[in-house]
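Listed in order, the protein sequences are those of chains A and B.
Residue 324 in numbering that gives the first Met the number 0 sits at position 325 of the first sequence; the count goes up by one each step and never skips.
Residue 241 in numbering that gives the first Met the number 0 sits at position 242 of the second sequence; the count goes up by one each step and never skips.
Bear in mind the hints are in silico, worked out from the structure with no lab data behind them.
Here the structure is a predicted model, which is why all the values come from computation and not from measurement.
Keep in mind that the hints are not guaranteed to be accurate.
[As the list claims (entries may be wrong)] Quick list of simulated restraints, FRET-style, between CB atoms:
#1 B:D171 to A:G307: 52 to 58 Å
#2 A:I318 to B:H88: 49 to 55 Å
#3 A:L29 to B:V109: 41 to 47 Å
#4 A:M9 to B:P256: 46 to 52 Å
#5 B:P256 to A:I141: 15 to 21 Å
#6 A:Q290 to B:M0: 52 to 58 Å
#7 B:L4 to A:D146: 56 to 62 Å
For every residue, glycine included, the Cβ atom is placed at its ideal position computed from N, Cα and C.
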Amino acid sequence: MSMTASTHDMMLEQARWRWSESLFWILSVLVLFVFPSKALLFSQIAIMGLFALSLDLILGYGGIVSLGHAAFFGVGAYAAGLMAKHGLGDPLLGLAVAACVAACIGWLTSFLLLRGSDLTRLMVTLGIALMLFELANRMASITGGADGLQGMMVGPVLGLFSFDLFGKTAYLYSLAVLFVLFLLSRKIVHSTFGLSLRAVKGNILRAGAIGISASSRLVAIYTLSAAIAGIAGALSAQTTQLVSLDVLDFHRSADVMLVLVIGGVGWLYGGIIGAIMFTLMQDWLAGITPQYWEFWIGLVLVCLVLVGHDRIKTGFQSITARVSGKGGAA
Amino acid sequence: MLTILFDGIAYGMLLFVLACGLSVTMGLMNFINLSHGVFSMAGGYITAFLINRWGLPFLLCLPLAFIFSAALGMLLERTLYRRLYARSHLDQVLFTIGIVFMAVAAVDYVIGSQQQTVKLPDMLKGRIDIFGGSIGLYRVFIIVLCGCLAATIQMLLVKTRFGSQLRAAVDDPRVARGMGINVNTVFAITFAVGSGLAGLGGALGTDILGMDPTFPIKFMIYFLIVVTVGGTSGIMGAFFASLILGIADVGGKYYVPQIGAFIIYALMVVVLIIRPQGLFSRSRGK
């Protein structure tokens with residue numbers, strides 16, 4: 000009895016909102032006023048963070064290694080882009096439709112991931128992303144093919160805030176969406192559903208033995224993750240007013256995995272912190288060696304694996320724990 | 000019609016030589032390696048370099064490409080890859096993608112992004128007519144050479160002492176060690192031979208597949224399809240998977256060019272849904 004109580008306390012403790020988290024989100028708004036010229040870069044970070052967050056739900060909490068997560072990002076981007084092109088330019092409506100379309104595809108394809116090993120899952124996710132890439136490439140009359148989708152007209156957010164050239168609206172809009180979806184994800188992973196999902200990830204056979212249906216959990220989280228990735232894609236389409244084949248590229252799937260791994264898997268802030276580090280690094284490297292920055296990204300990946308990629312996550316967590324520990328005592 | 004079938008077979012054979020090393024390291028040793036194409040690229044580039052700069056004959060370059068890629072494979076296996084055998088699949092994926100990115104950018108930086116070309120010897124140029132179809136001599140050469148290689152590899156795996164040691168080491172490394180097999184050496188040699196074959200495939204394929212810095216990414220999916228569709232029962236699965244893939248790809252591109260590569264991806268996903276353990280694997284998966 001006492002053990003269940005202490006486990007319960009531990010769960011509550013994990014789910015508790017820490018003041019360092021409030022600080023993080025307040026800072027994320029403040030940076031815009033400190034560096035207003037960097038707003039476009041910041042909105043990229045927010046979108047990348049959201050995309051990585053969606054991957055974390057399936058990789059960190061569901062244990063599915065996916066090499067084709069760009070599929071949902073791309074589907075969302077094209078859905079929002081096509082709507083904006085054909086006169087339905089309301090951003091929130093675009094997000095909703097993108098989420099629905101991506102969720103549908105995620106739901107349909109999730110059943111393919113229930114069988115087989117890591118390798119099979121890897122191949123199926125990769126194969127689906129490549130199929131969608133080919134599809135978008137071939138249906139040039141709808142998607143614009145290799146030239147990209149042009150002529151998008153995105154309306155003002157909530158009918159009030161129109162997108163400006165400097166990306167101020169784009170950033171606040173992306174950040175707001177990220178924040179809302181972050182809270183949602185946070186709620187979900189700390190719920191009983193999230194805990195059962197962790198059990199499935201830990202040991203699928205034992206989870207089944209204590210009465211957790213692994214299949215339904217994986218389908219649910221995969222669909223949710225697809226929807227969030229679709230929203231990230233839609234945000235990207237709306238804020239840049241451009242959708243190109245690049246959104247479905249293999250590179251994007253690999254990048255988002257790198258982002259998540261830099262920040263830490265299985266920790267919702269991991270995706271966001273990874274996105275900050277990755278985008279700043281990419282921006283900086285592209286400034287020095289425009290063509291060859293990929294080399295350094297590859298080097299970072301290799302080193303991360305050799306050193307152990309949990310270091311950053313545990314480092315951050317021990318810092319915040321120490322700081323909040325002191326804060327509590329004082 | 001016959002020409003297409005023949006081209007498809009040649010293409011499939013080429014894919015087999017490129018991917019059979021991977022089917023052993025990934026299919027049997029369960030090590031997810033996405034960087035296999037890097038060794039093919041090394042083979043292709045060294046061949047182009049030797050022919051164009053030093054004027055060596057093409058046929059002499061083929062064994063050199065094998066040796067060069069095998070040496071590179073051995074070096075990387077000893078220094079880097081062996082650390083990852085026991086790690087999680089996520090780590091293996093990340094690490095090998097990192098290697099691919101580095102190789103692509105490094106080759107682009109050092110050599111440039113243009114296509115590499117090799118000059119084929121005169122005796123391999125031209126076409127011959129068989130059964131009313133016109134077939135390139137070079138493709139006949141590829142089919143004969145790769146067919147011989149496939150037979151040799153299969154014999155090596157099944158009939159020789161080294162083959163038994165490898166199969167033992169794959170099935171249960173601990174017991175194999177207990178029986179006095181030097182598992183590390185066996186894995187290192189296997190990895191080196193697999194990389195060497197990839198290099199040889201790259202050298203042979205430069206003329207047909209094209210060779211530029213994005214080769215490892217472009218063909219990664221083909222290698223993976225061969226391995227996953229072929230299953231984990233040995234290299235014969237990979238052999239048939241390569242042939243099917245080669246014929247389907249060439250045929251698909253010829254008859255229905257508007258859907259492009261879609262056909263093979265769809266084929267792969269369907270196969271994996273029906274038989275998650277691969278097309279030719281033992282029905283009881285590991």
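**Asked** Within 15 to 21 Å or not, the Cβ separation of P256 of chain B and I141 of chain A?
**Response** 19 Å, holds
**Request:** Mind checking the hinted window 49 to 55 Å against the Cβ distance between I318 of chain A and H88 of chain B?
**Result:** 30 Å, violated
**Request:** Could you see if the CB distance from L29 of chain A to V109 of chain B stays within 41 to 47 Å?
**Result:** 44 Å, holds
**Request:** Confirm or reject the claim that Q290 of chain A and M0 of chain B have a C-beta distance inside 52 to 58 Å.
**Result:** This hint is violated: roughly 44 Å between Cβ atoms.
**Prompt:** Is 46 to 52 Å right for how far apart the beta carbons of M9 of chain A and P256 of chain B are?
**Reply:** 60 Å, violated
**Asked** Between D171 of chain B and G307 of chain A, is the Cβ distance one that fits in 52 to 58 Å?
**Response** 28 Å, violated
**Asked** Falls inside 56 to 62 Å, the C-beta gap from L4 of chain B to D146 of chain A?
**Response** The hint (56 to 62 Å, Cβ to Cβ) is violated, given that L4 of chain B and D146 of chain A are roughly 36 Å apart.
The structure fails to meet hints 1, 2, 4, 6, 7 from the earlier list, while all remaining hints are met.
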